[in-house]
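Novice: Using the sequences plus the hints, can you model the full thing?
Under the working numbering, think of the first position of the sequence shown as 98, with each following residue one higher.
Note that these hints are calculated values from the structure, not bench results. For clarity, every value in this text was computed on a predicted model and none was experimentally measured. Keep in mind that a hint or two might mislead.
Mimicking DSSO-like on lysine-lysine, the simulated pairs with C-alpha atoms at most 27 Å apart in a straight line are [stated by the list, open to error]:
| no. | residue 1 | residue 2 |
| --- | --- | --- |
| 1 | LYS142 | LYS115 |
| 2 | LYS166 | LYS107 |
| 3 | LYS288 | LYS264 |
| 4 | LYS115 | LYS166 |
| 5 | LYS115 | LYS288 |
| 6 | LYS142 | LYS107 |
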Amino acid sequence: MRMESVEQVKIRIERLLKPDRLAHSYGVAGEARRLAAQYGADPDKAYYAGLCHDICKNMTPEEQLQWIKRSAIILDDTFYRQPPIWHGFAAAQYLREEVGVEDEEILQAVRYHTTGRAGMSLLEKIIFTADLTEPGRDYPDVETVRTLAGRSLEQAVLYILRYTMGKLLVNGGPICRDAWEAYNQLVTAQKKEKTSEKE
98 MRMESVEQVK IRIERLLKPD RLAHSYGVAG EARRLAAQYG ADPDKAYYAG LCHDICKNMT
158 PEEQLQWIKR SAIILDDTFY RQPPIWHGFA AAQYLREEVG VEDEEILQAV RYHTTGRAGM
218 SLLEKIIFTA DLTEPGRDYP DVETVRTLAG RSLEQAVLYI LRYTMGKLLV NGGPICRDAW
278 EAYNQLVTAQ KKEKTSEKE
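Specialist: Okay, here's the thing in structure tokens:
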């Protein structure tokens, strides 16, 4: 199956997404393209991934689970207790089967855009960050995240992880393994960097 063009994807998401989610997806696509140009990633690939990242967001949890089960990814019990993160994993499988996306970099960026993971690629960091910094986002720390994103994707990703994990901890929610592993890796790398700067 041939991968759908950007124009075909736009038609698809306009059919699948509610107006506010559609506006968000266009915002993420534009922000992802801007960050890609800044940090040396492929702007077209970033735009495409941004358009697609929430393609399953307005499906029911049951529909999302059906797509997740079609993938070969093994997920732990904590994952299944967190429906808000299912749509990224569902979207990766949906894109593979229905949209013809075979580019693993795009699929990974879409899959982990809400959780992050250890060993994130540049494109994964871009989509993860763009999701929280696109122009339509409005939450207490958004300007801080935008400022960090302009200086360092690693700093922005780490801040986002701290912010989202902090909210989950305050509300007594579970934190998935991928987010913990992403956080631990970035914190360790940051400490090593600070240590080497002192030497």
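Novice: Could you run down the list of hints and mark each one as holding or not?
Specialist: Results of checking the hints against the structure:
1. Among the hinted pairs, LYS142 with LYS115 is consistent with the structure: their alpha-carbon atoms are about 24 Å apart, no more than 27 Å.
2. For the hint pairing LYS166 with LYS107, the CA-to-CA distance comes to about 26 Å; that is within 27 Å, so the pair holds.
3. Taking the CA atoms of LYS288 and LYS264, the gap is about 24 Å. The hint holds against a cut of 27 Å.
4. At roughly 25 Å between alpha-carbon atoms, LYS115 and LYS166 fall within 27 Å of each other, so this suggested pair holds.
5. Proposed proximity of LYS115 and LYS288 is contradicted: the alpha carbons are some 42 Å apart, above 27 Å.
6. A hinted pair counts as satisfied when its Cα atoms are at most 27 Å apart, and LYS142 with LYS107 qualifies at roughly 14 Å.
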